[in-house]
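Participant: Sequence:
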Amino acid sequence: MIRWTQLLQSLVADTKLGPQLQLWRSEPHSTPLALFMGCKIFAANQAALDYFACVHQEILDATLYDFAPRLQLGGQSSIELAKKLMQAAAASSQVQEWLHLNRHGKELPTRLYLEPVRIDSNKMILVRFEALDRRLSPRGEAQDVFGLLPRSVLAGILEESAEAVVISDTSGKILAVNRALCRLCGFSQAQLIGQQLQILETANDPKQRECRAALAQRDFWQGEVSHTRVDGSHFPAWQSSRRLQTESGCYLVTIFSDISERKQLESRLTEQAMFDMLTGLPNRRHMKRKLRQVLRASLEAFNQGKPTTGALMFLDLNGFKHVNDSFGHSMGDRILQLVAARLEAGCIERADIARMGGDEFTLVLQDCRDKEDIYLFAQQILALFETPFELEGQKFYLGTSIGISLFGNQEIDPSELLSQADTAMYSAKRSASHINFYDSSMSEAAEHKLKLLGDLRHALGLGQLSLFYQPIVRLKDNHMAGAEALLRWHKSPHELLEAADFVPLLEETGLIITVGNWVVEQACRQLAVWRQQDNDFIISVNISPLQLEHLDFYQQVKSALQHHQLPAEALILEITESALLGHPRQAKQTLKQLRALGVKIVLDDFGTGLSSLSRLGSLPLDGLKIAGEFAEQLQHQKGKRLCQAIVQLSQALELKFVAEGIETEYQNNMVRQMGDGLAQGFFFGYPLHPEQFALAHFDL
1 MIRWTQLLQS
11 LVADTKLGPQ
21 LQLWRSEPHS
31 TPLALFMGCK
41 IFAANQAALD
51 YFACVHQEIL
61 DATLYDFAPR
71 LQLGGQSSIE
81 LAKKLMQAAA
91 ASSQVQEWLH
101 LNRHGKELPT
111 RLYLEPVRID
121 SNKMILVRFE
131 ALDRRLSPRG
141 EAQDVFGLLP
151 RSVLAGILEE
161 SAEAVVISDT
171 SGKILAVNRA
181 LCRLCGFSQA
191 QLIGQQLQIL
201 ETANDPKQRE
211 CRAALAQRDF
221 WQGEVSHTRV
231 DGSHFPAWQS
241 SRRLQTESGC
251 YLVTIFSDIS
261 ERKQLESRLT
271 EQAMFDMLTG
281 LPNRRHMKRK
291 LRQVLRASLE
301 AFNQGKPTTG
311 ALMFLDLNGF
321 KHVNDSFGHS
331 MGDRILQLVA
341 ARLEAGCIER
351 ADIARMGGDE
361 FTLVLQDCRD
371 KEDIYLFAQQ
381 ILALFETPFE
391 LEGQKFYLGT
401 SIGISLFGNQ
411 EIDPSELLSQ
421 ADTAMYSAKR
431 SASHINFYDS
441 SMSEAAEHKL
451 KLLGDLRHAL
461 GLGQLSLFYQ
471 PIVRLKDNHM
481 AGAEALLRWH
491 KSPHELLEAA
501 DFVPLLEETG
511 LIITVGNWVV
521 EQACRQLAVW
531 RQQDNDFIIS
541 VNISPLQLEH
551 LDFYQQVKSA
561 LQHHQLPAEA
571 LILEITESAL
581 LGHPRQAKQT
591 LKQLRALGVK
601 IVLDDFGTGL
611 SSLSRLGSLP
621 LDGLKIAGEF
631 AEQLQHQKGK
641 RLCQAIVQLS
651 QALELKFVAE
661 GIETEYQNNM
671 VRQMGDGLAQ
681 GFFFGYPLHP
691 EQFALAHFDL
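Here full-length UniProt numbering is used: the sequence shown runs in plain steps of one and ends on residue 700.
Treat the hints with care, since some could be wrong.
Stated by the list, open to error - Calculated lysine-lysine pairs in the DSSO-like style (CA-CA distance at most 27 Å, straight line):
hint, residue 1, residue 2
1, Lys371, Lys429
2, Lys656, Lys592
3, Lys83, Lys288
4, Lys476, Lys449
5, Lys207, Lys84
6, Lys321, Lys83
7, Lys306, Lys263
8, Lys588, Lys321
The set of hints was computed from the structure by calculation and includes no laboratory data.
With the hints as constraints, model all of the structure from the sequences given.
Facilitator: Below, the structure is given as structure tokens:
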């Protein structure tokens, strides 16, 4: 038997428990206390044993609900409430009123004080039992009232009880049963009297064995068991068993009720919890359970010398966000239903399909021949998306990216396998084939990204972000018209990152709103300085799509211009086509407000996107920035014609054009011949820090 005093000396608790702990160490058996490990009693002091009228062996490994009625005073299940209470107490202090029963069945209204503690490295829960004043509760007198009732009254109550009652001797021979038991099990009283209790029990039910073992040590047990009817069928039951010692001998009283309907309801609720309500496919919870079974079977086969290859495929839809944002969530949900149906029809014979949430799906493949077999199946999945999804006369073209993680020759946790496939899927989005197998280098890249994210969160506060400026010139005379502000991150004294290396992370985390506002403010501050040198100087700033979606963006720009006393036409905001795809109405509204203010709007990287020319004329734009790829093609006749066509298009739409990527005098001359516009590129100057830019491009 573990010495209670030694346990108290080893116990580590929160400082607020310090004074009480000192008292209990000096008087270890003055207050009813018990230590729980998990949900079971690990040890208890003598005061607790006296409280429950039992010995240490009877209380050891018992739970809170072993010494409680089936239901607490509030009608809650003792088992469910006890589990929730112990789970909460593992994290923080808890106080709970609880109805206990001692080993004789006497009710003990109790207030429990639960504290999370440690002994060495073991986490435990210390429970103090405080008896409530039973004189204030009529329940405390119930035992005496029943004792005064005539035996005939008690017999009548048992006989008419809605719950099944069976009384036996200690050998298990049935002495009496009530009518409810006969109705429930289909036996007559004559068929049962004198028989062993096992006639009512399902063979080899471990819970019945647990009940008999518990009653051998203490006087009470309750739990879920399986009972048998006269026709041999079985049903689940909630059973309470008690050992009663009387003057005439010892008896076992068992009371149980059929819980089949409750179990069926639980089963239906569990099934609903395992399936996606929108598509009817198994959900993430179901998939992880299935994956755990598959991984276990695969590992067992490998250990038996019968290795198999399996794969987890993680699918993410390409283009779904545009559908959801442009046509509404209702249409998006219907598209997801069509996607699920198409996946199910095309894959159900080969793979277990699940919807993980949003526009993400998984497929689990077993017994694959090799990696090539898996790759070919992934290509079949991609082929399912070649045909558009049609709804209400509208065609929706979607694609998918597939990340694949293999299993079969090593032990791996389902969550880890999911993480690998997810990582591979993000890599697949950037690949031409849209299919990628996981390898360890991807995890290294993911870890690098995670570290980069952590550093990036503090970059602005640490003053690591700055703006570099690249000159923009007028083609007609090669004189500087202004500059483009380019964001840079001084990650370390020897590491300078360009915007393309970290802006996607800013957008992913939402930090782009704060950083973007800072960029506008800094660019306007610098513009005010340089307009003192050149009153016509302009500055161009790149804007993220997320900034346009932010309702406060217009006011931020307006405030920055007013603060630095700048004319709005001196500021150019460069946007990409994607800025008009996410929330087109909000983006257009913001752009119209900015143009009304006088700010110029330029479409960046024109010629590389997919916007229709018919829509281009309706956009609130002042200019086009011709993508640098066209400058590279100017040495070819076809490239010249393409660039000339874009210039003519901008002129037809009365839009200014900016040719970027100009690196040679030849390219500069060719573009100048095409029209009166602006140009930018290394030929005119590299991006420089403001001080360096001023020295290089202003006559100081």
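Participant: Evaluate each hint against the coordinates.
Facilitator: Results of checking the hints against the structure:
1. Lys371 with Lys429: 20 Å, holds
2. Lys656 with Lys592: 18 Å, holds
3. Lys83 with Lys288: Given that 27 Å is the threshold and the Cα spacing comes to 24 Å, the pair holds.
4. Lys476 with Lys449: 45 Å, violated
5. Lys207 with Lys84: Holds: Lys207 and Lys84 sit about 22 Å apart, inside 27 Å.
6. Lys321 with Lys83: 42 Å, violated
7. Lys306 with Lys263: Violated: Lys306 and Lys263 sit about 39 Å apart, past 27 Å.
8. Lys588 with Lys321: The hint holds at about 18 Å.
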